[in-house]
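**Q** Each chain, written out:
2 protein chains.
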Amino acid sequence: MNEEKQRHRRRMQRHKTVVDAAVARATEERGIIIVLTGNGKGKSSSGFGMVARALGHGFKIGIVQFIKGSFSTGEETFFRRFPEEVQYHVMGTGFTWETQDKDKDIAAAEVTWTQAETLLNDPDIALVLLDELNIVLKLRYLPIERVLETLAKRPPQQHVVITGRAAPQALIEVADTVTEMNVIKHAFQAGIKAQKGIEL
Amino acid sequence: MNEEKQRHRRRMQRHKTVVDAAVARATEERGIIIVLTGNGKGKSSSGFGMVARALGHGFKIGIVQFIKGSFSTGEETFFRRFPEEVQYHVMGTGFTWETQDKDKDIAAAEVTWTQAETLLNDPDIALVLLDELNIVLKLRYLPIERVLETLAKRPPQQHVVITGRAAPQALIEVADTVTEMNVIKHAFQAGIKAQKGIEL
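Line by line, the protein sequences are chains C and G. Number 43 in UniProt numbering belongs to position 43 of the first sequence; there are no gaps in the numbering. Number 187 in UniProt numbering belongs to position 187 of the second sequence; there are no gaps in the numbering.
Since the hints were made in silico from the structure, they are not lab data. Hints are not guaranteed to be accurate.
What the hints assert, rightly or not - Below, a list of computed lysine-lysine pairs in the DSS-like style, where the Cα atoms sit at most 27 Å apart: (1) C:K5 - G:K16; (2) G:K16 - C:K196; (3) C:K185 - G:K16; (4) G:K102 - C:K193.
Model, not experiment: these values are computed from the prediction.
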């Protein structure tokens with residue numbers, strides 16, 4: 001083996017020691033809260049990818065889509081194919097700038113949150129995706145205290161994924177994993193239409 | 001209607017004007033390249049969420065997983081359920097700190113890239129996910145020129161999603177949409193084990 005290859009092997013051996021030690025330290029097993037926030041593309045799709053992953057393990061899933069929903073999207077069509085494994089709820093009022101009616105939006109958010117609460121009380125549901133909940137909280141259409149209380153009382157092994165720009169600080173504090181997604185560039189800004197099958 | 005409600009309505013009407021104008025400007029329709037990079041959790045799962053979305057529209061998909069793959073993951077188990085719609089390839093050598101053998105890693109990357117090229121030449125494939133390709137490029141296990149050339153020559157309506165930390169600048173330049181995912185916090189750092197069904 002030449003010197004460069006040996007260097008590579010030694011570097012990788014050191015890296016493996018670090019990785020293995022971190023894995024050995026991480027022993028706690030419980031449901032976690034993941035928050036996906038920021039302005040970049042990929043928050044909701046990341047949540048839906050975690051749903052796919054959990055389905056691969058045979059888990060039961062709950063999905064609640066806030067805000068979005070006046071048009072049917074690809075992910076909804078797809079995950080509704082698995083009614084035995086996926087419970088799917090959509091707040092059907094569309095974007096807030098389409099309804100232009102705050103009372104109607106708040107009433108819809110309340111009803112949709114009740115559906116989320118049922119999932120967050122059910123120990124048979126391994127993963128709950130609360131898509132765009134952050135937007136609802138930011139607009140104060142739901143009291144954050146009610147959301148935090150329900151999250152705290154959920155079954156201990158249940159995972160929750162919450163998406164949407166501008167996650168409130170109080171939610172970030174109780175979350176276990178938080179990713180901020182930032183726009184480096186976006187096709188839409190360059191005049192490219194939102195594309196079926198990748199953005200819709 | 002009281003004053004506060006009218007204010008809300010006027011604000012939302014103005015916002016709708018801005019949104020509608022931006023939508024009207026975005027008229028170009030073509031396949032786009034999306035790059036998901038940064039250190040935060042959510043890059044691969046976002047790619048897999050886009051796969052689910054595309055499947056909802058009845059599109060055909062190609063998935064190539066680089067680097068990962070010495071253990072089977074939830075997403076692989078799940079998407080292999082749809083062999084008519086999803087072509088799934090995995091570079092089976094595992095993480096680079098597990099093999100500790102650069103020649104073996106490079107040979108595996110070459111073989112796996114050949115599978116990616118076949119997908120990137122096939123106009124029937126609407127979306128190609130190249131999961132963790134950025135890592136392979138960063139380690140120089142594949143020449144970036146070869147990757148850029150294949151991307152440039154692909155069918156014009158085909159979408160490509162490329163994930164992995166440390167995306168090379170040359171790739172960011174040719175991409176249409178780029179999101180950088182940053183860690184705000186991570187459960188693993190707090191001693192919580194990687195959780196089946198959400199991280200595996």
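**Q** Taking only the CA atoms, is the gap from G:K102 to C:K193 under or equal to 27 Å?
**A** It is violated: about 42 Å lies between the C-alpha atoms, which goes past 27 Å.
**Q** Are the Cα atoms of C:K185 and G:K16 separated by 27 Å or less?
**A** Given pair C:K185, G:K16 holds - Cα atoms ~22 Å apart, limit 27 Å.
**Q** Holds or violated: C:K5 with G:K16, Cα cutoff 27 Å?
**A** At roughly 59 Å apart (the allowed maximum being 27 Å), G:K16 and C:K5 break the hint.
**Q** Verify the proposed pairing of G:K16 with C:K196, using a straight-line Cα cut of 27 Å.
**A** 22 Å, holds
Hint violations for this structure: numbers 1 and 4, all remaining hints satisfied.
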